[in-house]
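> Sequence:
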Amino acid sequence: MELFASIRRNSLGLAIFAVLTAGLIAITHQLTDHTIKNNILDAQISAFNEILPANLYDNDLTKDTAILPADPLLGSEEGIKIHIARKNGEVSGIIFETIAPRGYNGNLDMLVAIDKNGVVTGSRVISHKETPGLGDKVDLKKSKWILNFANKSLENPSLKGWGVKKDGGDFDQFTGATITPRAVVRAVKNTLIYFDQHKDTLLAY
Numbered sequence: 001m002e003l004f005a006s007i008r009r010n011s012l013g014l015a016i017f018a019v020l021t022a023g024l025i026a027i028t029h030q031l032t033d034h035t036i037k038n039n040i041l042d043a044q045i046s047a048f049n050e051i052l053p054a055n056l057y058d059n060d061l062t063k064d065t066a067i068l069p070a071d072p073l074l075g076s077e078e079g080i081k082i083h084i085a086r087k088n089g090e091v092s093g094i095i096f097e098t099i100a101p102r103g104y105n106g107n108l109d110m111l112v113a114i115d116k117n118g119v120v121t122g123s124r125v126i127s128h129k130e131t132p133g134l135g136d137k138v139d140l141k142k143s144k145w146i147l148n149f150a151n152k153s154l155e156n157p158s159l160k161g162w163g164v165k166k167d168g169g170d171f172d173q174f175t176g177a178t179i180t181p182r183a184v185v186r187a188v189k190n191t192l193i194y195f196d197q198h199k200d201t202l203l204a205y
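In terms of the working numbering, the sequence shown opens at residue 1 and continues consecutively.
These are computed hints drawn from the structure, not numbers from a lab.
Among the hints, a few may not be true.
To be verified - Restricting the straight-line Cα-Cα distance to at most 20 Å, the calculated cross-link-like pairs of lysine to aspartate or glutamate (DMTMM-like) are:
hint : residue 1 : residue 2
1    : 160       : 170
2    : 81        : 50
3    : 144       : 170
4    : 81        : 109
5    : 87        : 170
6    : 141       : 172
7    : 160       : 196
8    : 87        : 50
9    : 63        : 97
10   : 63        : 50
11   : 165       : 155
12   : 81        : 196
13   : 116       : 200
14   : 199       : 64
15   : 129       : 115
16   : 144       : 50
17   : 87        : 58
18   : 81        : 60
19   : 116       : 97
20   : 144       : 172
21   : 199       : 97
22   : 63        : 115
As the list claims (entries may be wrong) - Here are the in silico distance ranges between beta carbons for each label pair:
hint : residue 1 : residue 2 : range
23   : 117       : 176       : 35 to 43 Å
24   : 118       : 60        : 17 to 25 Å
25   : 49        : 16        : 45 to 53 Å
26   : 63        : 16        : 41 to 49 Å
Every residue gets a Cβ at the ideal spot worked out from N, C-alpha and C, and that includes glycine.
All chains, please: the whole structure from these sequences, using the hints.
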C-alpha cells in the first residue's frame, strides 16, 4: 500500500510538473510571438517613414491597405498589397509591395512609394538573395544606390532613360553586377507605369 501511495504521489507530482511546464512554454511562445510581430511592425513603419515624407499622410499606413490583382507590371503572379497614404481623407500616395523578378539569384521584394502626381518619393529592397559584395548593393545597408529613384517619374527620366547605363539608360550598374540593378530599375519603372495606367482607381481608394 505504501508503495502504491508513493507511486501515486510521484505520478501526481509529474502531472503537475508537466502542466506547469506546458503552461510556461505556451506563455513564452505568446510573448515571443508578440515581440516578433511588434519588431516586424516597427521595421515596417520605419521603412515607410524613410520612403514617404511624413507631411504627405496622417493615417496609419500599416492598416490602410488593399490587395491589387496580379499584374505582370508588379512582378507577381499573385495579388500584391498596397499601403494607402491619406492626408485629410484624400489619397496622397501609394506604397507598393512590388516584386523585382529576374535578379541574379531570384526575385527581390521591394517597397516603392509613389505620390499622387506619379513621382517616386522613395524605394527600398527589403528582401533578396543577391551575391554579397556585388548585387547586394541594391540594399541601402550596403550602398546608397537605391536612393537614386527618389523624385523620379515617367517623365524624369524619359522611358528610354529607365535602364542601366550599359543598356543606354540613366542608372548606374555595379562593377561586375548588371543583372540585379537592371531588375530593380525595371521594377520601379513598371510600378510607375502601373500607377499611371490605374491612377484614377488608385486615387479613389
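> Evaluate each hint against the coordinates.
Now for the hints, and whether the structure bears them out:
1. Simply put, residue 160 and residue 170 have alpha-carbon atoms about 8 Å apart, close enough for the 20 Å limit, and the pair holds.
2. Taking the CA atoms of residue 81 and residue 50, the gap is about 18 Å. The hint holds against a cut of 20 Å.
3. The hinted pair formed by residue 144 and residue 170 meets the criterion: a straight-line CA distance of about 16 Å does not exceed 20 Å.
4. Of the pairs offered as hints, the one joining residue 81 and residue 109 holds, with about 12 Å between alpha carbons and a cut-off of 20 Å not exceeded.
5. Annotation: proposed proximity of residue 87 to residue 170 is violated, straight-line Cα distance about 33 Å (limit 20 Å).
6. For the suggested pair residue 141 and residue 172, the alpha carbons sit about 18 Å apart, so the restraint of at most 20 Å is met.
7. About 17 Å separates the Cα atoms of residue 160 and residue 196, which keeps this hinted pair within 20 Å; it holds.
8. For the given pair, residue 87 sits about 17 Å from residue 50 by alpha-carbon distance, which is consistent with the 20 Å threshold.
9. Straight-line distance between C-alpha atoms of residue 63 and residue 97 comes to about 14 Å, which keeps the hinted pair within the 20 Å bound.
10. With a C-alpha separation of about 18 Å, the suggested pairing of residue 63 with residue 50 holds against the 20 Å cut-off.
11. Straight-line distance between C-alpha atoms of residue 165 and residue 155 comes to about 17 Å, which keeps the hinted pair within the 20 Å bound.
12. Restraint check for residue 81 and residue 196: satisfied, since their Cα atoms lie roughly 17 Å apart, inside the 20 Å limit.
13. Of the pairs offered as hints, the one joining residue 116 and residue 200 holds, with about 10 Å between alpha carbons and a cut-off of 20 Å not exceeded.
14. Proximity of residue 199 to residue 64 is assessed by CA-CA distance (about 18 Å); at most 20 Å being required, the pair is judged to hold.
15. Our distance criterion of 20 Å between C-alpha atoms is broken by residue 129 and residue 115, whose separation comes to about 29 Å.
16. Annotation: proposed proximity of residue 144 to residue 50 holds, straight-line Cα distance about 13 Å (limit 20 Å).
17. Between residue 87 and residue 58, the direct Cα distance comes to roughly 5 Å. Compliance with the 20 Å bound is thereby established for this hinted pair.
18. The suggested pairing of residue 81 with residue 60 holds, with an alpha-carbon distance near 15 Å, which does not exceed 20 Å.
19. Among the hinted pairs, residue 116 with residue 97 is consistent with the structure: their alpha-carbon atoms are about 17 Å apart, no more than 20 Å.
20. A threshold of 20 Å between alpha carbons decides the hint, and for residue 144 with residue 172 the separation of about 12 Å falls inside it, so the pair holds.
21. For the hint linking residue 199 to residue 97, the alpha-carbon distance of about 17 Å falls within 20 Å, and the restraint holds.
22. Straight-line distance between C-alpha atoms of residue 63 and residue 115 comes to about 18 Å, which keeps the hinted pair within the 20 Å bound.
23. The hint said 35 to 43 Å for the Cβ distance between residue 117 and residue 176, and at roughly 37 Å that hint holds.
24. A hinted range of 17 to 25 Å holds for the C-beta pair residue 118 and residue 60, which are about 24 Å apart.
25. The supplied range of 45 to 53 Å is met by residue 49 and residue 16, whose beta-carbon atoms lie about 49 Å from each other.
26. Roughly 43 Å separates the CB atoms of residue 63 and residue 16, a value that falls within the hinted 41 to 49 Å.
Of the hints listed earlier, those the structure fails to meet are numbers 5 and 15, in rising order.
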